[in-house]
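Participant: Listed here are the chains, written in short residue letters.
2 protein chains.
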Amino acid sequence: MRSIRNIFNSQAKDQGNFFMSISKILRFKPKTLKFYQTAFTHRSMNIKNSKGHIINYERLEFLGDAMLSAVIAHYLYMEVPGGDEGYLTKMRSKVVSREHLNELGKDLNLIELVESKIPKGQFGDNIHGNLFEALVGAIYQDKGYKGCERFIQKIVIEPYVDIEKLEGKVISYKSLLIEWCQKEKKIFDYNVYEDTGNDDVKHFSVKLSIDQKVVAKARATSKKKAEEKASKRAFFAFQNQISKASFI
Amino acid sequence: MRSIRNIFNSQAKDQGNFFMSISKILRFKPKTLKFYQTAFTHRSMNIKNSKGHIINYERLEFLGDAMLSAVIAHYLYMEVPGGDEGYLTKMRSKVVSREHLNELGKDLNLIELVESKIPKGQFGDNIHGNLFEALVGAIYQDKGYKGCERFIQKIVIEPYVDIEKLEGKVISYKSLLIEWCQKEKKIFDYNVYEDTGNDDVKHFSVKLSIDQKVVAKARATSKKKAEEKASKRAFFAFQNQISKASFI
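If you're matching them up, the sequences are chains A and B in order.
This note's numbering applies: residue 1 is where the first sequence begins, and numbers increase by one.
This note's numbering applies: residue 1 is where the second sequence begins, and numbers increase by one.
Each hint should be verified, as a subset may be incorrect.
Straight line, CA to CA, 16 Å or less: simulated EDC-like cross-link-like pairs of lysine to aspartate or glutamate [unchecked claim]: (1) A:K48 <-> B:D84; (2) B:K24 <-> B:D200; (3) B:K51 <-> A:E58; (4) A:K51 <-> B:E79; (5) B:K48 <-> A:D84; (6) B:K48 <-> B:E115; (7) B:K90 <-> A:E58; (8) B:K51 <-> A:E115; (9) A:K51 <-> B:E115; (10) A:K48 <-> A:E115; (11) A:K90 <-> B:E58; (12) A:K146 <-> B:E149.
The following residues of chain A were derived to be distant from chain B, with all beta-carbon distances above 10 Å [stated by the list, open to error]: (13) D14; (14) Q37; (15) S97; (16) R98; (17) E115; (18) D125; (19) I155; (20) E167; (21) S172; (22) I178; (23) K217; (24) K223; (25) K225; (26) F235; (27) F236.
Hints were generated in silico from the structure; no laboratory data involved.
Bear in mind that the values here come from a model prediction, so they are computed numbers and not experimental data.
Built from N, CA and C at the ideal position, the CB exists for glycine as well.
Could you build the full structure based on these sequences and the hints that come with them?
Facilitator: And the structure:
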């Protein structure tokens with residue numbers, strides 16, 4: 001039987017672990033931990049507060065979704081001054097698509113932190129996006145709109161939002177580059193390796209060679225992203241030759 | 001022929017008038033007037049900036065819509081701690097309904113300030129809501145999220161958002177009160193009169209009498225709202241009697 005003291009110690013340790021994990025994801029120290037605890041409490045936990053209100057991440061999802069939409073709206077408004085209302089609406093719906101939010105949640109491995117009575121393997125794919133929205137809601141509660149904006153800028157916009165790709169002008173730099181190499185009979189090679197370094201999150205590096213010469217390097221949180229980043233760099237390095245080949 | 005000097009004077013005067021009008025609506029002094037000028041520029045003006053981007057209120061509508069949704073989401077989140085995600089979503093859609101936004105824009109008489117080549121009489125009803133959204137977008141640009149939140153709190157939430165009414169628990173306090181008076185054979189009278197006082201916007205006051213005794217007073221920007229406000233006050237003053245009559 002655990003003594004009261006042991007229970008307290010164990011609670012403090014759990015809280016400490018949660019604080020560490022959440023700080024790594026946020027890349028800042030949370031002020032009020034309980035917002036984040038709510039953001040990772042699944043309805044199956046069936047928790048109520050002293051007023052009888054059900055506590056789980058679903059309400060925070062609603063709040064986070066609204067804040068995400070607002071921040072992305074402002075970003076696109078500023079970034080594309082020539083885009084009309086229809087364009088902005090379409091672009092935003094691409095950034096905050098269910099698929100994209102699931103990808104974000106998955107990359108941050110949010111599911112690791114969920115408190116649930118349902119085995120994690122039984123959740124569908126949408127849990128990732130839902131947790132991501134709830135996390136944004138918790139950040140709003142903890143740090144206000146400005147804090148929320150900073151997080152979204154760093155975690156969503158900088159690594160994921162590429163207006164040209166969203167516009168469908170470029171689907172994938174990797175496929176463009178490969179097509180060009182094949183047309184020009186050039187040999188290409190993506191040398192990908194794990195390279196987490198001092199980062200908290202797993203990272204990958206890639207060296208892209210064309211005709212056995214390294215032409216671009218990149219590093220990102222997934223193999224696919226690192227390859228795409230390197231391809232984009234190579235694409236712009238070879239842009240003159242590529243357009244001479246009237247490839248695009 | 002007007003001299004350059006006269007033209008400048010006349011522009012300055014126009015700007016001064018616009019500044020006065022917009023300050024009255026905002027209830028604060030704008031920092032950067034051009035955001036508000038854009039918010040009241042209709043597409044028919046066909047204005048482009050030096051970069052060739054079309055300038056009218058439609059992009060600001062997109063921005064304002066996003067900010068309004070975010071602020072209302074947070075308001076409802078805090079105000080109804082027992083409401084789940086579905087409830088919050090439904091409530092928000094009532095507050096930011098096209099009909100409600102049109103009402104807000106109309107009450108603020110925003111159409112007066114529109115610069116357009118189309119006669120104002122030819123606009124449909126949605127112009128009012130669109131201008132309201134664009135105005136919120138301009139406030140965001142001028143004063144940031146906090147400024148936007150303050151405006152929405154003062155102009156939308158305080159005078160218009162009544163959770164009980166939105167929930168459909170109470171459709172109209174006036175109709176409840178009248179029904180009760182009729183049932184109890186009480187004589188009621190709404191004495192409404194214009195009472196703008198020192199306000200910039202037209203206001204109405206109402207004295208509500210029951211059996212020739214004034215039981216509630218209220219003041220608002222429309223007759224309907226003043227009557228509803230007074231009815232609500234009377235309703236709560238008589239709540240005991242009303243519930244004894246097992247009216248609700």
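Participant: Taking the hints in turn, state whether each one holds.
Facilitator: Verification of the supplied hints:
| no. | hint | verdict |
| --- | --- | --- |
| 1 | A:K48 <-> B:D84 | 13 Å, holds |
| 2 | B:K24 <-> B:D200 | 6 Å, holds |
| 3 | B:K51 <-> A:E58 | 44 Å, violated |
| 4 | A:K51 <-> B:E79 | 14 Å, holds |
| 5 | B:K48 <-> A:D84 | 13 Å, holds |
| 6 | B:K48 <-> B:E115 | 14 Å, holds |
| 7 | B:K90 <-> A:E58 | 14 Å, holds |
| 8 | B:K51 <-> A:E115 | 52 Å, violated |
| 9 | A:K51 <-> B:E115 | 52 Å, violated |
| 10 | A:K48 <-> A:E115 | 14 Å, holds |
| 11 | A:K90 <-> B:E58 | 14 Å, holds |
| 12 | A:K146 <-> B:E149 | 13 Å, holds |
| 13 | D14 | 25 Å, holds |
| 14 | Q37 | 16 Å, holds |
| 15 | S97 | 16 Å, holds |
| 16 | R98 | 15 Å, holds |
| 17 | E115 | 18 Å, holds |
| 18 | D125 | 19 Å, holds |
| 19 | I155 | 18 Å, holds |
| 20 | E167 | 17 Å, holds |
| 21 | S172 | 28 Å, holds |
| 22 | I178 | 36 Å, holds |
| 23 | K217 | 35 Å, holds |
| 24 | K223 | 34 Å, holds |
| 25 | K225 | 27 Å, holds |
| 26 | F235 | 27 Å, holds |
| 27 | F236 | 24 Å, holds |
Checked against the numbered hints listed earlier, the structure breaks hints 3, 8 and 9; every other hint is satisfied.
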